[in-house]
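Chains as they are written, first to last, in full-length UniProt numbering: chain U, 1 to 363; chain L, 1 to 363; chain G, 1 to 269; chain A, 1 to 269.
For the record, the hints were derived by calculation from the structure and aren't laboratory data. Note that the Cβ used here is the ideal one computed from N, Cα and C, for glycine as well. Errors might be hidden in some of the hints.
Some chain U residues near chain G, calculated using beta-carbon distances under 7 Å [claimed, not checked]: (1) D133; (2) W156; (3) E191; (4) V195; (5) A199; (6) L201; (7) G203; (8) A269; (9) G324; (10) A326; (11) A327; (12) P328; (13) D332; (14) P341; (15) I342.
Distance windows between CB atoms, simulated [claimed, not checked]: (16) L82(A) - G84(L): 32 to 40 Å; (17) A123(G) - D2(L): 49 to 57 Å; (18) P171(G) - H178(U): 19 to 27 Å; (19) H17(A) - A160(G): 51 to 59 Å; (20) G81(L) - D32(G): 46 to 54 Å; (21) E267(G) - G84(L): 29 to 37 Å; (22) A123(G) - S294(L): 47 to 55 Å; (23) D145(L) - A53(A): 52 to 60 Å; (24) A53(A) - G298(U): 37 to 45 Å; (25) A28(A) - D332(U): 56 to 64 Å; (26) A53(A) - P84(G): 50 to 58 Å; (27) A190(L) - L82(A): 54 to 62 Å; (28) R363(U) - T106(A): 57 to 65 Å; (29) A28(A) - E176(L): 55 to 63 Å.
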Amino acid sequence: MDLSLDAATVEFQAEVRSWLAAHVRPLSSMDTASGFEEHREWERQLASSRLSVVSWPSEFGGREASLLQWLVFEEEYHAAGAPGRVSQNGIFLLAPTLFAHGTDEQRSRILPAMARADEVWAQAWSEPEAGSDLASLRSTAVRCDGGWLLRGQKTWSSRAAFADRAFGLFRTGPGERHRGLTYLLFDLRAEGVSVRPIAQLDGEPGFAEIFLDDVFVPDHDVVGAVGDGWRVAMSTAGNERGLTLRSPGRFLAAAGRLVELYRKNPDPALRDRVVDAWIGAQAYRLHTFGALSSPLSGPAASVTKVFWSELDVALHETALDLLGEAAPGWRDGWLFSLAGPIYAGTNEIQRNVIAERILGLPR
Amino acid sequence: MDLSLDAATVEFQAEVRSWLAAHVRPLSSMDTASGFEEHREWERQLASSRLSVVSWPSEFGGREASLLQWLVFEEEYHAAGAPGRVSQNGIFLLAPTLFAHGTDEQRSRILPAMARADEVWAQAWSEPEAGSDLASLRSTAVRCDGGWLLRGQKTWSSRAAFADRAFGLFRTGPGERHRGLTYLLFDLRAEGVSVRPIAQLDGEPGFAEIFLDDVFVPDHDVVGAVGDGWRVAMSTAGNERGLTLRSPGRFLAAAGRLVELYRKNPDPALRDRVVDAWIGAQAYRLHTFGALSSPLSGPAASVTKVFWSELDVALHETALDLLGEAAPGWRDGWLFSLAGPIYAGTNEIQRNVIAERILGLPR
Amino acid sequence: MNFTLSEEQTDLAGVLHGFFAAGRRDLASVVDEVTDPVDLVVVFEEVGHHAVAGPLIETLAVVPALTSGVGEGSWSVAFPPLVPHAVEADHYLLVEGDTLREASPTTELSSVDPTRRLFELTAGPVIATEVPTHAFDLGVLMCAAQLLGLGRAMLEMTTAHALARTQFGKPIGQFQAVKHHLANVLIGLELARPLVHGAAVTMTTRDISAAKVATSDAAWNTARIALQLHGAIGYTAEHELSRFLLQTRALRTAWGSPSLHRARVLEAL
Amino acid sequence: MNFTLSEEQTDLAGVLHGFFAAGRRDLASVVDEVTDPVDLVVVFEEVGHHAVAGPLIETLAVVPALTSGVGEGSWSVAFPPLVPHAVEADHYLLVEGDTLREASPTTELSSVDPTRRLFELTAGPVIATEVPTHAFDLGVLMCAAQLLGLGRAMLEMTTAHALARTQFGKPIGQFQAVKHHLANVLIGLELARPLVHGAAVTMTTRDISAAKVATSDAAWNTARIALQLHGAIGYTAEHELSRFLLQTRALRTAWGSPSLHRARVLEAL
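Okay, chain U solo, but in the shape it has when bound (with noise of 0.2 Å):
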């Protein structure tokens, strides 16, 4: 067993921090028309310096880091208070998606376009009856000239307000639930599109509605094979759950962050609270470096996304409850720590994975 960094990471480490330190600034909310523009541009700044997608392939505009140089990139970018990712539906969802599933073609049109922020994409799983159980998805693509028709709604879309395009399921063949699905991409300002920004609990439109009224879709943004999007879907959905969607960096500062804050307003009744947030950051740092060598398994990113959803919820309830009613700086971060245990699987969906493809238990 063995915890240190090699030379190469130890390297990196000291440019990510270096660069972050000359270039990190506060941005405007990602949820309004010009903060959305400002992360852009910060996206944008951090492609330059070949940091916005650095576990890629270079061709892709990535330097090919490895996952525990990704680890360390993201202790740092969150050490450092460096802004959310604009980019993050397409960088940790999409992408993995095209490079298990995507033709070259689609590779090379994409991913560059993704890790400049040129194009900024959002996810469009949900409908308004299929929440949890996305396989009861009814919007449909039907076969046109050269490509499909969409039609439908699509829901709790999150950037959708402000992205440029978008990837999701559609219903293409007949077939119960999981069957005769496609996973497909499309243009969030093309003809038939219509977006309905959705308030969050902060006031701001962090969620959209889609409505799509016969928008057309290019064969060549079929992702995967027509009628086989669920497994594809489902291939990488274990990167939302798991690790690439929360890195322990995330929960490590704000964790660092509340320490801090209780030393400040001490309370020793919430001590246990502090130190527990303090103890969930490091094992959670801990147990990703264990997944390093042992790649997760889907059921085991269950184990991790609860965890970690639990985890955040937890340490921003204690910082709200050592502040009270005025808590500038964390609430934020609460309300977003809030949909933790709701989005990418709610965490009794999660449980029902752990218990039985992990225990075994009878469905």
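Using the hints, position chains L, G and A against chain U.
Chains L, G and A only, in chain U's frame:
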């Protein structure tokens, strides 16, 4: 709204308090043969001052105390640190059933002997294959001349190792699950009865298994109608879950001891758990006062059962966390508390009842 | 001993429920004369039940207990260090020790609930030098009652949602996890209510603080479960749950945090 | 960076598992030479996994780190005030500040786990006046490893029970409440393990205390759920769960309570 005690209740409270101050003494564990007899003797002492069953009619040994007076009695009893009640199963489980469904002959034969602890009763509900699922009972009672012959096995029968008689449900006719069950009383020293004590976590035989091999029960020991046992048993099952099984006085006294313990071993990180134990006991007390004027329904008794059983565990866990491994004076209460969420219907079953019968969620 | 609401009190709750449900908010017109703490608890449970916003605790309960003959409009009052700032109102008061003063708002603070704007106060002329001690406790108790009503409302709307919303081909209320979440919520609220009513009868610091602790935890736990069971729709400002949730989070630490009130309970034991 | 057990360490765990499963308890014969903290953690996770009783932490890890050339037999050691008393053993030591002494048992104390008899010690002759500071931390870490093993064992036996036991016509493991209880248990244990392994690598007080906190909570939570899901049968001394449960409860506060270790973590941050 009025929380004051009337003059008669104040007088009664004073009598109980001074009687207890004069008589309470430590006894050995009721789960040993000699301790059991010490507890029987204590019950007789209570009975001789008409304090063993204060709420019963005078003709059976009570003094027709109001429910409020019974609560006051219990508060005084626990505040004085008086012994556990070896007659508890009879007084709180069987007696309400006899009041509701017994014959005059049964009441006058059984209740006075119960009040004096001349007969100590054990419950015999559970069977090896039926824990929470009482309707799946298999033990049978077969018609014979002048009565019934019992055959089968009962388990987790509390107090049965040393008690005199027992009550339980037996299959007397065809019918699925709830149907064809009859409520019967039997002698634990009758021919055909074998009792095998089961050591509890504390090493003492608080439970026993009862093996029944053609045990004769005369007709006058059938409670209610033959085949109507499920209804008879369930109509007073709320008693076990709710008010009468665990009176608030017990938790108030334990919470008071916990506060004292905390003052001697102050650990600010555990303060909230100490205070919450007191608040919980007080909430349960006031909730019970509310139930005096609008009696609890069966499902409402599930609410209190989950509440007091979790309160009891939390309270004792806090004491152990304050004291560490060496926890004199708290270990027995702690072990007892651990059984609370399991017996009288597990808390999982109770939560189903609350959700379905109070909130109206579908089965 | 008679630990239930009177018929008049039950009727008052019903009248207020209809009043708020009809969209009316001019509460002073209905409950101007209410001063009995149990009656006030009935009023504020309904205020919470409809997530009515504004400095009602201060205007209807605390300020009338502090000083007689206050003028028209809404009032807010700070009791530093326990309640360090004021919520938005027409007029402001400040209690420092035994001194009651007029006050004016200065800096606005970032508030957990945007509908509850918070301000620091600067002290003005002295109004009185003897402040009735129960004024603060009355504020705490009304806050507890309001939390109870908020919790009840969120349990109701979440139960309705669990019956209506289907996933995997059945109402989500049929899943045992959902049942157990809601059963726990009901237990918490059900056992918090008698503490609120009991405190209104005794008006002791111990009982009032205990009620505030229990309702803060029960109502906030309800909000968390309500959000979890509503899923993404509960996370939107368009759904009414958001108003209830943010108000609950704010009132949980308003009028003294749960930790402060646990300290007061322990001190009184 | 390679945060996984080596093949040799995985093999050692397997050998010990077979050894204990065969009923053997003469552990010193197998692991006499083990001193590397990661190896020791592997050993003590298996000790916990089989609920092996006796002062093994002291005899195999702490006392060899305290002093060389101790004699045969089992050893126990107290570090007042952190570890105020000793568990039953053939020989006793006492560490007071920097002084290591022989000691003898006096009063027996009431123990949460009857198989873990506790004694107060009276000090005897001085053995050494410089005590290696990591000896105590090594005891804490082994206690954490043992708790992890106890938790794992209880999760295994409860999962098996949930598959075998039927109620209302189906295995209880099919009820969502049971699934969610066991999923939570698994999450707690799964995220506690890397803290134990990480602490064995760094051997810092911060990391060792964090591991003890997490394993104390995860293992005890496992014990509670295990008891709840076993029902009455788990409450009997005849069922093996009782040995695991009582040992877990004792080790939760042995070698310093969770509260003490949380204080140590905070101090080190």
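Now the hints, each set against the structure:
no. : hint                          : in the structure
1   : D133                          : 4 Å, holds
2   : W156                          : 4 Å, holds
3   : E191                          : 27 Å, violated
4   : V195                          : 15 Å, violated
5   : A199                          : 4 Å, holds
6   : L201                          : 5 Å, holds
7   : G203                          : 6 Å, holds
8   : A269                          : 5 Å, holds
9   : G324                          : 4 Å, holds
10  : A326                          : 4 Å, holds
11  : A327                          : 6 Å, holds
12  : P328                          : 4 Å, holds
13  : D332                          : 10 Å, violated
14  : P341                          : 6 Å, holds
15  : I342                          : 5 Å, holds
16  : L82(A) - G84(L): 32 to 40 Å   : 36 Å, holds
17  : A123(G) - D2(L): 49 to 57 Å   : 42 Å, violated
18  : P171(G) - H178(U): 19 to 27 Å : 22 Å, holds
19  : H17(A) - A160(G): 51 to 59 Å  : 52 Å, holds
20  : G81(L) - D32(G): 46 to 54 Å   : 51 Å, holds
21  : E267(G) - G84(L): 29 to 37 Å  : 33 Å, holds
22  : A123(G) - S294(L): 47 to 55 Å : 49 Å, holds
23  : D145(L) - A53(A): 52 to 60 Å  : 56 Å, holds
24  : A53(A) - G298(U): 37 to 45 Å  : 39 Å, holds
25  : A28(A) - D332(U): 56 to 64 Å  : 57 Å, holds
26  : A53(A) - P84(G): 50 to 58 Å   : 55 Å, holds
27  : A190(L) - L82(A): 54 to 62 Å  : 58 Å, holds
28  : R363(U) - T106(A): 57 to 65 Å : 58 Å, holds
29  : A28(A) - E176(L): 55 to 63 Å  : 59 Å, holds
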